[in-house]
Amino acid sequence: MLLEVRDLHVEFHTRDGVAKAVNGVNYSVAEGETLAVLGESGSGKSVTAQAVMGILDMPPGRISGGEILFKDRDLLKLKADERRRIRGQEMAMIFQDALSSLNPVLSVGQQLGEMFVVHRGMSRGDARAKAIELMDRVRIPAARERVGDFPHQFSGGMRQRIMIAMAMALEPSLIIADEPTTALDVTVQAQVMDLLAELQRELNMGLILITHDLGVVADVADKIAVMYAGRIVETSPVHEIYQAPAHPYTKGLLRSIPRLDQKGQELYAIKGLPPNLLHIPPGCAFHPRCPMAQAVCRTDVPPLYTVDEERRSACHFWKETLDAR
Amino acid sequence: MPEQKPWDETTGSGAISGAGAGGGMDLAMDEGTTLEKTPGGPEGTGPAGKPRSLWSDAWRDLRRNPVFIISSLVILFLVVISIWPSLIADQDPLDCDLSKAQEGSQPGHPFGFDGQGCDVYTRTVYGARTSVTVGVLSTLGVSLLGGVLGGLAGFFGRGWDAVLSRITDVFFGIPVVLGGLVFLSVVTSSTVWPVIGFIVLLGWPQIARIARGSVITAKQNDYVQAARALGASNSRMMLRHIMPNAIAPVIVVATIALGTYISLEATLSYLGVGLKPPAVSWGIDISAASQYVRNAPHMLLWPAGALAVTVLAFIMLGDAVRDALDPKLR
Amino acid sequence: MGRYVIRRLLQMIPVFFGTTLLIFLMVNVMGDPIAGLCGDRQCDPATAAQLRTEFGLDKPVWQQYLTYMGNIFTGDFGTAFNGQKVTELMATAFPITIRLTVVAIVFEIVIGISLGVVTGLRRGRPVDTVVLILTLVVIAVPTFVTGLLLQLLLGVEWGIIKPSVSSEAPVDELIVPGLVLASVSLAYVTRLTRTSIAENARADYVRTAVAKGLPRRRVVVRHLLRNSLIPVVTFIGTDVGALMGGAIVTERIFNIHGVGYQLYQGILRQNSQTVVGFVTVLVLVFLAANLIVDLLYAVLDPRIRYA
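Chains as they are written, first to last, in the numbering used here: chain A, 1 to 325; chain B, 1 to 330; chain C, 1 to 307.
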């Protein structure tokens with residue numbers, strides 16, 4: 001198993017209290033496998049990823065428990081310098097907004113080449129050649145002419161490709177993509193996702209795809225983990241979850257996708273708002289918004305029940321949810 | 001073009017920017033901050049569930065900030081003795097006895113005497129009145145003139161904005177102390193009005209720029225667009241939606257500017273072109289005292305100390321208010 | 001880039017005319033331009049009338065303005081109070097003030113930026129608080145007070161420096177005056193650098209740099225500093241004007257015979273030729289500095305270049 005996150009807990013100390021952003025998350029990714037992590041804002045999906053990468057802001061943030069096993073080593077027990085060496089070389093991350101995530105005053109060639117200069121000790125000239133190669137690989141037209149251009153001179157889609165190029169420059173074993181297509185147009189989204197999938201196949205990388213968009217996930221992912229209020233509420237191989245969700249939250253998410261045959265009907269939305277992480281509701285965190293909530297939901301935190309061999313659901317009434325389809 | 005935030009005016013160091021003169025620059029200028037929470041817009045709920053706005057948050061922080069409390073008390077004290085100097089000084093600042101010139105402290109005259117035999121303590125106390133008057137009136141004038149012109153330029157944009165920008169450029173091209181020397185040297189009156197007038201003349205562009213910037217930022221908020229779509233008139237949008245939000249940076253800058261104007265008046269008086277005797281000003285006293293510094297340093301130190309404390313109080317106040325209003329600095 | 005340069009140059013033109021007009025109006029229309037030309041006394045009516053015709057003061061104001069502008073372009077600034085040509089006075093005064101200003105700028109850059117970087121990276125720690133308080137005090141206390149105090153302490157009480165600078169003003173005598181001149185600007189540079197660094201440290205591109213596994217030093221120097229110093233550099237450029245204003249005060253305190261001194265003498269003796277001449281040149285220098293800063297900004301920040 002390439003990556004295994006075990007019972008991870010992350011909290012943030014703010015002036016208003018302690019925000020529990022991640023509350024006992026477990027997931028795993030194998031080589032060549034794509035895990036999609038789904039959830040709304042505030043579900044903890046990005047924080048988990050940042051904890052894996054080791055780029056959390058450590059005051060206010062604090063990892064209060066758990067293990068992150070990468071290639072059988074617990075990253076949380078490593079020294080800062082060892083962790084730094086893993087970053088960029090063995091695991092890499094792609095961010096949502098490529099414009100703000102790229103340094104505005106350095107050329108893309110410099111930013112791409114930096115990976116080779118720092119981690120491989122290459123000369124600037126060689127690194128530049130590598131940068132052009134990478135830009136070609138992610139299909140940026142006229143790479144040689146544009147290697148000296150700056151991020152703001154590229155379109156959104158091309159910028160995202162540059163980020164992808166930067167991430168896979170040193171052929172890492174794991175890539176984490178945090179909402180890579182959210183800021184892009186639908187057609188460009190498809191192109192970028194295709195590129196990611198292609199590169200993943202070629203290099204046999206593990207891919208964690210963080211998103212709130214169920215549509216994107218269907219094509220690319222092997223398995224899905226749905227997160228809510230810092231916990232995993234459902235995990236499943238990708239196709240089964242669309243046909244038969246086993247958790248009311250997942251069900252609600254699927255129902256919220258607008259469909260073409262819904263003309264004239266009101267759009268569905270899960271009632272209520274995501275919880276304030278400073279005051280997570282007791283019992284099942286979703287109970288205030290759940291159409292199936294009963295008394296037990298208000299008091300007992302549901303564990304991840306086994307639905308079948310590959311599926312888990314953190315709902316006391318997963319059976320009823322499954323059957324109600 | 002990277003966004004210009006309301007307080008981020010790093011180009012154009014401002015007409016009132018005689019750094020070397022202590023006429024000072026816009027402190028708020030150097031902190032590129034912007035207000036992201038807006039009072040009239042969407043409000044989050046605090047832990048107790050009460051609606052929170054920018055202003056109530058700011059006040060909560062200020063109440064607990066020792067810097068704010070201390071500087072407010074100092075300013076309150078200064079304002080009180082400006083209005084009623086006789087509360088703590090029972091003599092006449094102009095009642096001088098040459099035979100006592102340069103003598104040190106004596107009973108009844110805790111700060112000693114200056115070069116003309118005037119009581120330094122009394123002069124220092126009365127000097128506060130001058131400084132506070134000049135500071136407050138100048139700031140009011142600058143804020144009104146600059147705020148209105150800048151706000152209108154920001155609101156209506158295009159032509160007005162271009163004209164305002166060129167005009168402010170012209171004023172920014174004149175270093176303040178220089179301008180003061182030239183402008184005030186031809187003036188013969190010894191009242192505060194020429195000085196105030198000059199400060200307003202050269203100071204309004206700085207406030208105008210801030211006001212313009214913050215109005216432009218406030219204008220772009222969604223709820224302003226919504227108001228416009230609902231048919232709100234220009235004046236209604238300006239007064240009810242834009243102004244409450246745009247006014248905060250102006251208040252911060254104006255408070256800090258007040259401190260710098262006091263400093264500027266003292267500098268100009270020191271150079272001999274500001275206030276002149278029989279007006280009582282710390283700048284005049286410091287200027288006169290600088291010749292006797294070897295023998296009678298007390299003549300210099302007391303008014304200089306009072307001046308420093310006063311300017312510091314205003315600037316610290318402005319700083320504290322700015323920190324309270326800026327959520328990003330938490 | 002070329003378009004940007006041309007646009008800035010064109011914008012300079014109305015500003016140049018506006019500023020010179022303002023100076024002209026302040027001096028010639030508000031005051032009495034020929035006062036002081038007859039030594040310390042008032043001129044007798046016949047001489048006064050003669051002088052007026054000689055200086056074209058009987059002509060309409062707009063014509064006087066044109067003559068003034070013409071004089072600027074030919075470099076003729078007239079005669080000073082002691083009979084010397086104003087341009088001669090400038091030739092001795094400007095080098096001294098330039099030396100003083102250079103010393104000040106060096107202090108501003110070296111001390112200001114270093115302190116700013118250190119405190120920006122260590123916000124909230126004791127070093128930060130101490131520096132913040134110090135800078136606040138320096139900004140609040142007017143420069144002439146700082147100058148007088150330092151003169152008192154270092155020059156009079158402890159005798160480390162000469163309280164008055166000699167007339168040739170060599171660089172070593174200008175160190176303390178330079179520090180005084182730089183003090184407020186230095187404090188601003190420190191605060192500006194600190195804020196810029198603190199803000200940029202939270203930026204997305206810094207997070208990316210860390211995610212790339214770059215060593216901390218490289219992240220700070222190559223990514224953080226390069227972006228953070230842009231507003232600081234431009235500030236220092238525009239600060240030239242403030243330094244010019246401050247030079248007047250500093251020169252008076254330490255008795256330095258630079259531009260400020262000459263200007264002050266000109267005002268004291270009501271010699272408007274000197275005043276107008278020096279002020280005009282100073283303002284031109286300031287406008288030029290502003291222009292250079294705008295261009296520098298474009299060089300440092302590629303987003304402006306290709307806007």
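In case anyone wonders, no lab produced these hints; they're calculated from the structure.
Note that the coordinates shown come from a computational prediction; the quantities given were computed from them, not determined experimentally.
Treat the hints with caution; some may be incorrect.
List of simulated lysine to any residue pairs, SDA-like, C-alpha gap at most 20 Å [to be verified]:
| id | chain 1 | residue 1 | chain 2 | residue 2 |
| --- | --- | --- | --- | --- |
| 1 | B | Lys-276 | C | Val-210 |
| 2 | C | Lys-162 | B | Gly-115 |
| 3 | A | Lys-79 | C | Lys-162 |
| 4 | A | Lys-77 | A | Glu-90 |
| 5 | C | Lys-162 | B | Pro-297 |
| 6 | A | Lys-79 | C | Arg-269 |
| 7 | B | Lys-276 | B | Gly-115 |
| 8 | B | Lys-100 | B | Ala-226 |
| 9 | A | Lys-130 | A | Ser-100 |
| 10 | A | Lys-79 | C | Arg-217 |
| 11 | C | Lys-162 | B | Arg-294 |
| 12 | A | Lys-77 | C | Arg-217 |
Each hint, compared with the structure:
With a C-alpha separation of about 61 Å, the suggested pair Lys-276(B) and Val-210(C) falls outside the 20 Å cut-off, and the hint is violated. Between the alpha carbons of Lys-162(C) and Gly-115(B) the distance comes to roughly 24 Å, so the proposed pair goes past 20 Å and is violated. The straight-line distance between the Cα atoms of Lys-79(A) and Lys-162(C) is roughly 56 Å, outside the 20 Å bound, and the hint therefore fails. With a CA separation close to 17 Å, the supplied pair Lys-77(A) and Glu-90(A) stays within the 20 Å bound.
With a CA separation close to 18 Å, the supplied pair Lys-162(C) and Pro-297(B) stays within the 20 Å bound. For the hint pairing Lys-79(A) with Arg-269(C), the CA-to-CA distance comes to about 73 Å; that exceeds 20 Å, so the pair is violated. For a cut-off of 20 Å, the pair hint linking Lys-276(B) to Gly-115(B) stands: about 16 Å separates their Cα positions. Between Lys-100(B) and Ala-226(B) the alpha-carbon distance is near 72 Å, which puts this suggested pair outside the 20 Å criterion.
This hinted pair does not check out: Lys-130(A) and Ser-100(A) have alpha carbons roughly 24 Å apart, beyond 20 Å. Between Lys-79(A) and Arg-217(C) the CA atoms are separated by roughly 17 Å; this keeps the pair inside 20 Å, and the hint holds. Simply put, Lys-162(C) and Arg-294(B) have alpha-carbon atoms about 14 Å apart, close enough for the 20 Å limit, and the pair holds. As the CA atoms of Lys-77(A) and Arg-217(C) are separated by approximately 23 Å, the hinted pair breaks the 20 Å bound.
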